[in-house]
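Participant: Below are the chains, spelled out letter by letter.
2 protein chains.
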Amino acid sequence: MKKSLGANTIALPLPVWVIGSYDAAGKPNAMTASWAGVCCSQPPCVYFAVRPARYTHDCVVARQAFTVNIPGVGQAAAADYFGCTSGRTVDKFAAAGLTTHRGGYVDAPCIAEFPLVLECKVLKALELGTHVMFIGEILDVSCEEVLLGVDGRPEVSRLQPFVYSTADGSYYAVAGALGRAYTLGKHLAG
Amino acid sequence: MKKSLGANTIALPLPVWVIGSYDAAGKPNAMTASWAGVCCSQPPCVYFAVRPARYTHDCVVARQAFTVNIPGVGQAAAADYFGCTSGRTVDKFAAAGLTTHRGGYVDAPCIAEFPLVLECKVLKALELGTHVMFIGEILDVSCEEVLLGVDGRPEVSRLQPFVYSTADGSYYAVAGALGRAYTLGKHLAG
Numbered sequence: 001m002k003k004s005l006g007a008n009t010i011a012l013p014l015p016v017w018v019i020g021s022y023d024a025a026g027k028p029n030a031m032t033a034s035w036a037g038v039c040c041s042q043p044p045c046v047y048f049a050v051r052p053a054r055y056t057h058d059c060v061v062a063r064q065a066f067t068v069n070i071p072g073v074g075q076a077a078a079a080d081y082f083g084c085t086s087g088r089t090v091d092k093f094a095a096a097g098l099t100t101h102r103g104g105y106v107d108a109p110c111i112a113e114f115p116l117v118l119e120c121k122v123l124k125a126l127e128l129g130t131h132v133m134f135i136g137e138i139l140d141v142s143c144e145e146v147l148l149g150v151d152g153r154p155e156v157s158r159l160q161p162f163v164y165s166t167a168d169g170s171y172y173a174v175a176g177a178l179g180r181a182y183t184l185g186k187h188l189a190g
Numbered sequence: 001m002k003k004s005l006g007a008n009t010i011a012l013p014l015p016v017w018v019i020g021s022y023d024a025a026g027k028p029n030a031m032t033a034s035w036a037g038v039c040c041s042q043p044p045c046v047y048f049a050v051r052p053a054r055y056t057h058d059c060v061v062a063r064q065a066f067t068v069n070i071p072g073v074g075q076a077a078a079a080d081y082f083g084c085t086s087g088r089t090v091d092k093f094a095a096a097g098l099t100t101h102r103g104g105y106v107d108a109p110c111i112a113e114f115p116l117v118l119e120c121k122v123l124k125a126l127e128l129g130t131h132v133m134f135i136g137e138i139l140d141v142s143c144e145e146v147l148l149g150v151d152g153r154p155e156v157s158r159l160q161p162f163v164y165s166t167a168d169g170s171y172y173a174v175a176g177a178l179g180r181a182y183t184l185g186k187h188l189a190g
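Protein chains in written order, with the numbering used here: chain A, 1 to 190; chain B, 1 to 190.
If you're looking for bench data, these hints aren't it; they were derived computationally from the structure. Take the hints with a grain of salt, since some may be wrong.
Treat identical chains as interchangeable: a pair holds within one or across any two.
Unchecked claim - Computed list of lysine to any residue pairs in SDA-like fashion (alpha-carbon distance at most 25 angstroms, straight line):
(1) Lys-3 - Pro-52
(2) Lys-27 - Tyr-105
(3) Lys-2 - Glu-145
(4) Lys-124 - Gln-64
(5) Lys-124 - Val-61
(6) Lys-124 - Ser-170
(7) Lys-3 - Thr-85
(8) Lys-124 - Gln-42
(9) Lys-186 - Ala-173
(10) Lys-27 - Gly-87
(11) Lys-3 - Arg-54
(12) Lys-124 - Arg-51
(13) Lys-2 - Cys-84
Just chain A, same shape as in the assembly (with noise of 0.2 angstroms):
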């Protein structure tokens, strides 16, 4: 039996990515969205949502560009500090001691301790109401070499990341895996 919560924005699993931009003076800014995803295969195209008044929005106008960070739960606690603070009046970076290094494809800085980084040209702005939809286009990806496995491509449990739950305002580790994709349910077919 399945009881109504209301209208609102109980949705889960979602990523923690840690969102790149550089402000006027060059200063690089950073913000954490949940509010975050991949929306087209090609070209390659991820989003995330920012409410107007946030240091990041003006950022991103201006440049249009910006990075996705992604972290590993070793990096959870700077993840969730970057949500915390505004970049206009603190360094966020000095204070999460973490380094920055400039993106080789757009105008946004790099978190170079975090495992796995796209770069991203706005390709889209929308607004919705409270947040805009800024949609970039992925220019390029990468990812620490010694997370990559035999395939070239990131090893999950060596990337060890996690997702943010809006239900109880909390960050979970992902691991154990299901198995694949095209694979787990394919039995169901017949």
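Please build the complex by placing chain B on the supplied structure of chain A, with the hints as guidance.
Facilitator: For chain B alone, kept in the frame of chain A given last:
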């Protein structure tokens, strides 16, 4: 040291949500989407992206509504199966041993056996390339009562959600609480 993996959709972790819709004859249809997520807080919105050739595309265009049915690990095989075949040719629900009922808020089917269901009306459709994004306003969220905690919200440990990784095309369980948002990294604010 990072290695470039090129321009692609290696991004994780991603949700595994089953999109429910009715076809022209009123037959319930389902497809599994990982190009999906939350995109606005107010009005509460989610999106999913789909290739225009998919059966779900035409169903959602016609009815301007869809459901997001969120599976637990116990429904992982069914969720994978929904991504393997087309509702044009088979009754996916019969094959998966699942049942549906019409949503109370929108003209789309809810999967009875899935623990968490969002009912959405289409606000926008956005063509991006291979995929069309459907952005839907969430009119209601409903959850199995036995999965709710004392605070009346879904408990992740009972819901047992899982994610998809494009890096290896595999599903992974979500487990192990890491901490609460706005708390885990607060100490870094000094």
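Participant: Which of the listed hints are not met by the structure?
Facilitator: 1, 6, 7, 11 and 13
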